[in-house]
Structure formats: C-alpha cells, structure tokens
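Protein chains: 2
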Amino acid sequence: MLVRVRPLLTSDPTAERVWPRAQARKAGQLFSGLLAMNVVFLGCAFISSMIFNRVAITLRDVGIFLSILKLLSLCWIIYYLLCTSRKPHAVLYRDSHAGPVWVQGSLVLFGACTILLHVFRIGYIISHIHCKSPLEILFPCTEIIFICIQVWNVIFSGIQSLRLIAGRCGLMLTMATDLLLWLLAVTNDSVHREIESALKGFSSSCTCPNTTACLILQKGYVLLYPFNPEYCLIGSSMLYVMWKNVGRRIPPHHAIHAKPKFKLRGVIYGLVLGISTLFIGICIFMTYQIQATSSAPSQETLVLYYSYYVALLPMMTVGALAGTVIHGLEERELDTLKNPTRSLDVILLMGAALGQIGISYFSIVAIVATNPGDLLDRLSLTYAVSLIIQHITQNIFIIEGLHRQPLVENPDTSPKHENCDPRRVYPLEIRQELRRVSHTYRHTYGRLNWKRKALKEISIFLVLCNIILWIMPTFGMHPAFENGLEKSFYGYSTWFAIVNFGLPLGVFYRMHSIGGLLEVYVSS
Amino acid sequence: MLVRVRPLLTSDPTAERVWPRAQARKAGQLFSGLLAMNVVFLGCAFISSMIFNRVAITLRDVGIFLSILKLLSLCWIIYYLLCTSRKPHAVLYRDSHAGPVWVQGSLVLFGACTILLHVFRIGYIISHIHCKSPLEILFPCTEIIFICIQVWNVIFSGIQSLRLIAGRCGLMLTMATDLLLWLLAVTNDSVHREIESALKGFSSSCTCPNTTACLILQKGYVLLYPFNPEYCLIGSSMLYVMWKNVGRRIPPHHAIHAKPKFKLRGVIYGLVLGISTLFIGICIFMTYQIQATSSAPSQETLVLYYSYYVALLPMMTVGALAGTVIHGLEERELDTLKNPTRSLDVILLMGAALGQIGISYFSIVAIVATNPGDLLDRLSLTYAVSLIIQHITQNIFIIEGLHRQPLVENPDTSPKHENCDPRRVYPLEIRQELRRVSHTYRHTYGRLNWKRKALKEISIFLVLCNIILWIMPTFGMHPAFENGLEKSFYGYSTWFAIVNFGLPLGVFYRMHSIGGLLEVYVSS
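Protein chains in written order, with the numbering used here: chain A, 49 to 572; chain B, 49 to 572.
Check the hints yourself; a few may be wrong.
Since the list gives no way to pick out one identical chain from another, each pair is judged satisfied if it fits inside one copy or across any two copies.
Computed list of lysine-lysine pairs in DSBU-like fashion (alpha-carbon distance at most 30 angstroms, straight line) [what the hints assert, rightly or not]:
hint, residue 1, residue 2
1, Lys248, Lys535
2, Lys499, Lys74
3, Lys292, Lys74
4, Lys501, Lys292
FYI, nobody ran anything at the bench for these hints, they're computed from the structure.
Using the sequences and the hints, build the whole thing.
Structure follows, in structure tokens:
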C-alpha cells in the first residue's frame, strides 16, 4: 500500500501553483544549457583542430562555422524583436538587471572599437587582395552586422517577457557564439604573424603595394586587437546575466534601500594623491605612445613604465590593507541577506582578477627560470609580484566593503521614512526604543567619523589609481609583448594566447573594480 | 547627522549573534579560496613552462615543487589529526556529507590502484637505474605516502569540528595539490613516449637489461595510468565538498525523509535485458584484453567493440527518453526545496559528462575532416555521435528523477509516523483530511502503477548498462588510443592530453550515474 507523504506536510495553498512555473524554468534552463554546451564543445573541437592540424581544418572552415552560428543567432534576435514589438507593454519588461549603466556603456564602447578593428581588417585584406581570397572579407562583414544587432538587442530590449524555452535557447546560442569568437580571438595569431614578418622586412609572397596605407592599417589592427576579446567577454557575460534573470522576480525588499548620493565633500588627501598619480601616469603613457608609433619603445621608457608600477602598486596595497583593517574596526554589521546582484559582482571581480594574476605567475616563472639579472627583468619580476598582491588585497577590500550595510544620512528626510512615518506605524515603546538607538548611534558615529573618512579617502585614491591602470592597457600599452623575455621563453603562439586571455580580463577587472570602489566610497 | 538605519528593521534578537559567525565563515572561505587560487596558478605556470620550454623547467623541478606542496599538506593533516584526537567527542563531528559510501569506496579503490601504479613506476625506474637519476624514485615514494595519509584522513576523520581558518586553508592546500597532480597526470606523457619507443624497438641510449620484467612493468604502468588522474579528481572533489561543509549546520528537515529500501520485486524485462547486455559486454571485453596482452588488438576486435556500443547506446537513449516522457506523465510534484547535496550531485553529473562529450566532439571533427570512408572510422563516427546523445538524454532522465518526491511505502510503519502519531498531533478535521488524501492517492496509485513499473524497468536496465560501460574503460580498454586516426590528426601530445582529461571524467560519470539511477529506481 503506497500513499504520498509530502502533501500532509505542505499546508501552504500557493505551493501547488508555484510548481509548474518552477518546472518550466528548470526545463528551460536545462535545455538551453545543454544547447550551449554542445555548441561550445563543437566549436572548441573545431578551433583546436585548426590549431593542431592546420592542413585539415583551415581558418576559413572555422570562419564558415562561426558565420552559420552568427546567422542563427541573428535570426533569433530578429524573430524575438518582432515578437516583443507586437506586445504593447513590452518596454515594461526591460531587464534592468542585465548590468549597471557603466557595463552597458562599455559594451557600446568596446563594440564600436571592435567594429573599427574589423574595418581595419577589411582594409588590410583589400590591400592584399591580389594574394588573398575575396571570401575573407565576408567574415569581418558578418562580424560587424552581428555586433551592431547584438549591442542593440542587449541595450535597447529586454528578455524578461520571454519565459519560453525559445527565449532561453536564443540567449544561450548567442552566448555560445560570443564565447567561441572569444576563443578564436585569443588563439588566432595568424594576422599578427603576417604583420610582424612584414614589419621586420621579411619578403613573403604576399606584400602590400601601398606601404604607408598598409602601415597605418597594420598599426591600427594591432592596437585595436585587444578590444575584440574584451567585447566578446563582456557580451557573453551580459547575456549570461540576462539568461539567469529570465523569469526571475526581483524580491521587493531590494528596492527599499535608499541609495546614498555621490559627494566629494571633505575628501582631500586621497583625491590629491590620486590625481597626481593619474597625471604622472598619463605623462608616462604619452611618452610610451609617441615612441611606439614611430618605432619600438626604448629601454628607458620600459624602465620608466615598470618603475611607475612598482612605486604605485605597493601604495595601493597599503591603502587596501588599511581599508580592510578599518572595515574590521568599524563594527558595522554585515549584510548577510542573499543578494544575487552582489554575488554576481563578487564572482565577476574574482574571475576577472584571474586574468592578470595568471599572466603575472607565467611571467614570474619565466623570469625566475631564465634568471637574467638585467635591471629591466628584475623590475618586471617585482612588477608581477606586486600586481598579484595588489589584486588580492584590493579584492578583499572591495568584497568587505560591499558586504557592509550602507549608512544613510539624516533618516528623517530619507525616502523610506517619508513613506512610513514612525509615529504612525510603531507603538509608543518602540518609538522610545527607536529614539534610544538613534541616540546611541549618533554617539557612536562621533567616534567612527575618522574611520569613515579614512575609508572614503582610501577608496577615492584607489578609484583614481584604477582609472590610470585601466587607461594604459586599454589604449595600447602592452609592454608584456614588447619586453620579449616571456615571448622567447614560452614561444610566440603560447605567449600570445596567455596575454590575449589575460589582458582583456585585466581591463575588465579594472573597470569592474572602479564600479565596486565607487560603491564602497558612497556607502561608507 | 547620520544614524544607522539597519537596527530599526531587525527586531530579531538572535540576529546579532549570527553575524560574527557568518563573518568568520566568509573570511575563512575568502582566505582559503585565495590561497588555493594562488597555489593552482603558480603550479599551472610551472607545468606549462615545462610543456613549452623543456630546457629551462624540467620534470624534476615540477616534481620538487609538488613534493614541497605534498609535504605542507601532510604537515597540516598530521597537525589536524593530532588536534582532533585530543577532543573527546571528535567522532561526533565526522563529516558524513563528504560523499556517499560508493564515493568513499571508489576513493579507496582508485587510491589503491594509483599506489600500485607508482610501485610499477618505481620498478620501471629501478630497471633503468643505470641511465636515470636515483632522485626520480623519490617522487613516486612521496606520492604513495601522500595518497595513504590523504585517503585515511578523508575517510576516517572529519572536518566539521574545525571552524578555524587554518582548517579551511589546509583543505584548500590539499585540494590544490590534488588538482596540480591531476594536471601533471593529464599532460605529462614522457614515460608513455619512452615506453612506446621501447616497444617499437627504437634503440635509445636507455634500454632495459631484463626484457620480460620490463615488459610487465611497462604494460602495468600503461594499464593502470588512468587511475592516477581519476584518483586526483575524486580526491579533490571530496575535499571541495568537505570545504563547503565546514561550519555548515545541516537543516533538520533533511533527516525526516524515510529512505525507501532497494528491492528487485516485479522487475523482469529491464533486469533480463540488462544482464544479457552485461554478459555480451564482458565477452567482448575478455576477447579484447586477451588480444591486447599479447599484441595490439586486431581490426575485427575493434569493429566488434564499436558495433556493440553502436547497438547499445541507441537502446539506452530510447530508454532514457521513454523514462523522461513517463516522468512528465506522472504528475508527481517536483521537490523544489533547496538541497545542497542534490545540487552538487547534478553539477557533478553534468560536469563529469563533459569529459566523454569533449572526446567525442574532438573525434567527430577529426573523422569528418579526414573523411576516410573506412568501415572502422564510420563506426567510430556513429559511436561518437551516439555517445553524446546518450549522455545528454541520460542526464535529463536522472535529473528529472532526482527532483521527484519519493513515494514511501506503508506510512503507518515508516519511522516518521512512529515518532509522531497523527492521532496525538493533529486535530480531528486534519485527520479526516489526511484520510481523504490518503484514499485519493491510493486510488491514483492504482492508475500510476504501470508508469512506476516502467520507470523501475528502465532504471535497472540503465544501471546494468552503465556498469558494463564503467568496467570497460576502467580496466584498460581504450580503443581511442589504439585506433590511431585522432592520434595522427591532433598529434600524440595533444590527443594524450584530451584523452587523459576526458577518460577519467567519463569513468567518474559512469560511477556517478549508477548512483543516480539507483536513487531514481528506489524512489520511483
């Protein structure tokens, strides 16, 4: 004799209604996840075959495969846009949680730069048209169309309304395409090799008739290249967030927190120190870029660059450590509520840090194994070690800060208290308790003041430092490539893959930590 | 004027006491996670350097680095064992959630096989001692000690009592060491290359004086090799589960579910079909192994092997699909409660499937690109495609099954009802409702009977199929290596890394899905 035990325990009458919805969500997640997994695996196998067996699978085969994927994704996007445009309240469902404004802005920026990169690539192919297949122009063209429509889709439309499996599958297909484009960008150094051999003057069968135009196209291509993997990464992570949010109802208590405003009042030391750091950094950057456009950067410029970093990074580390200690002293309570946006923030911060930390560890092993004893190499070793320590300490500082409860100025005028007047809601004894607590904290606040001020100084200094550390690699300063030691140690292709894997993650990390630090600044 | 808003909202007096504990847990997770990340990155850089630059970093350097890590882990384990043995109630804190018995059993089995592998390796080194450094014996010796103490620690002691950061850091250090040993096992094919060239009769400077003993040592080493990455994987995943469980209190409602017992009553078709499949499989396996010990397996044996798979896999796929459809028809409610053990189960199942799916996609690309038209290659292509489909459908079936509420036989004698007699706890109207519900479900059960019976038949059939699919690769049947097409397509080292990455995951997948299918069998 069998009976079900479960229904005896669930007295909640709404539970029955929740199940089919949860079931549909689970099924959608499972099927779309499996689709993405299969596409990514097939693509990985394709790209790996191209790397390890250049005869059987050529870059053209991979290009055709990716073009088919792009076409399928585009079909889905267009179908989706047509579907939502018919619904009158479609705008109401826009997914505001796909990322803050700065992430959306950077998607547009990197998308624009990647389009420019592909324009340069088209120019490069046209200038070598006598020895290249005209089919090669097709790939950057499909890429440009794909980027335009994808950016438009991510920014200007949402996915909340599509709770069907089709919606999820489309998102995952586009994400898988972005991931494969990223993998190709990280591993495919064929154009770089061509350009390098052309710049070194090796005569190959395929030379450019117009030297000046070609040089500009080549320089532009090399300079803009890191934007390509960067764009693919940001695009796929935004699509992943959208996929996670399909059908999720954001709990109402998230809207309660009154957001403190950004004010620079009373912050002096951090601001001055940060701005001077920024200024010095920009000077070094200009020197480097002026040299790099005419020839390779000189030994002195590289020494200057590494010295700047070796001086700056320990300062940032000390700042982050001091901030962490102050967080510990502050005794402000931890916000242990489950918060999916913050969890994702922390994961992205930790994940993005892996890029630069990875490059640094590879550098350290290469330098220590070679043991050259050169000034530049010793500087480069110190730089790699300091970078690792700086990333770790800054992450701890930001994560500690994000988990603190924000302090809201003057609760009588904050929106929450406007809506629910304590005299109306709470009985007398609670109002007295409220007044007592308020008094205690006003007293405590007097003691905490220096701590909060120090946190603000530290975070604004770190924000400015991260801005300059973001500017340098984003706009073409890649001494890891010019230095040459690691390149000869690991071999060109391996080092190219390591740098192109780590560098865009590093740029993403700087952007993300600027956002996190600003939040710490505002909430402290 | 600033006051804190938060305390006005939290009226719960226990909330204050929870914070420091949550804070300590977060800090411990963060620090130990960062430690593991740094160790893994440094180790990856080391091992990659060895792969890409064999002159600067040798296998010996990597061995020394890993020996230091093993020594540190051992120090921690010994310190930990000394600490817990002093506490009188240490046994009470054993982590029973580190894995079910079959996982612990397989850890012991794979540990034993890996120790045997290292004994063969020591024998191999001694037989070549005239041209090898005596230091090389040291590495397998440290490995044997490390495995013994680690298995003893994971199985016979627990970690629940250690809520300190030191406990977490030790676990993470051991996990990082296991991961690096896995990476080295996946990528290091130096001994295989030596053995292969010796078997082919290429004369090298380092030959074995005693041919028969050497042949046995070589065969044993090659046969046992897959146990090494397998052991490292299982060890690190158990340590990860223990790390996740440090300081977690298992909610009491998990203990309520009365576990249905395993009974074979009434299951005929699935059992008969499964046992005959198992029998045929064992015959093919024996034929293969007898041929493989004397020489390389013949073309006919390979055709037989692939034909067996090509016949079996579609049957399994059909079974899993039918099961999924029946799950959908069954209308049993989904168990949507958060259940960390089940979530981990699902993640491990999906993650482990990636190994075989990865190998299959690489095979498909290689075969399609080469396009040989041979019977064996066409069979091999069908085999790869069927394997992918079988993995996906089986995963869906198991996941659907795990999310169903278990049906408990005869509630009057189940332990939960012994403890709380409904007449004592529930008032009259609820008792009447209970009786009504019980009657309804007894009625429904009559209609559901054929569905439940079909589910039991399907799952027992799949269990037996997975057992034979587990036996074959575990005990040395690796036609992916003998076949040769992929090996020549990707190159020896790349294909070695792909197979050694995917194969242990595939073995782990079969074991894990046997466990999952048994659970589906019991609960349906």
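Results for each hint:
1. Lys248 with Lys535: within (16 angstroms within a copy, 36 angstroms between copies)
2. Lys499 with Lys74: between (46 angstroms within a copy, 22 angstroms between copies)
3. Lys292 with Lys74: Both ways: Lys292 and Lys74 sit 11 angstroms apart in one copy and 24 angstroms across, limit 30 angstroms.
4. Lys501 with Lys292: neither (37 angstroms within a copy, 36 angstroms between copies)
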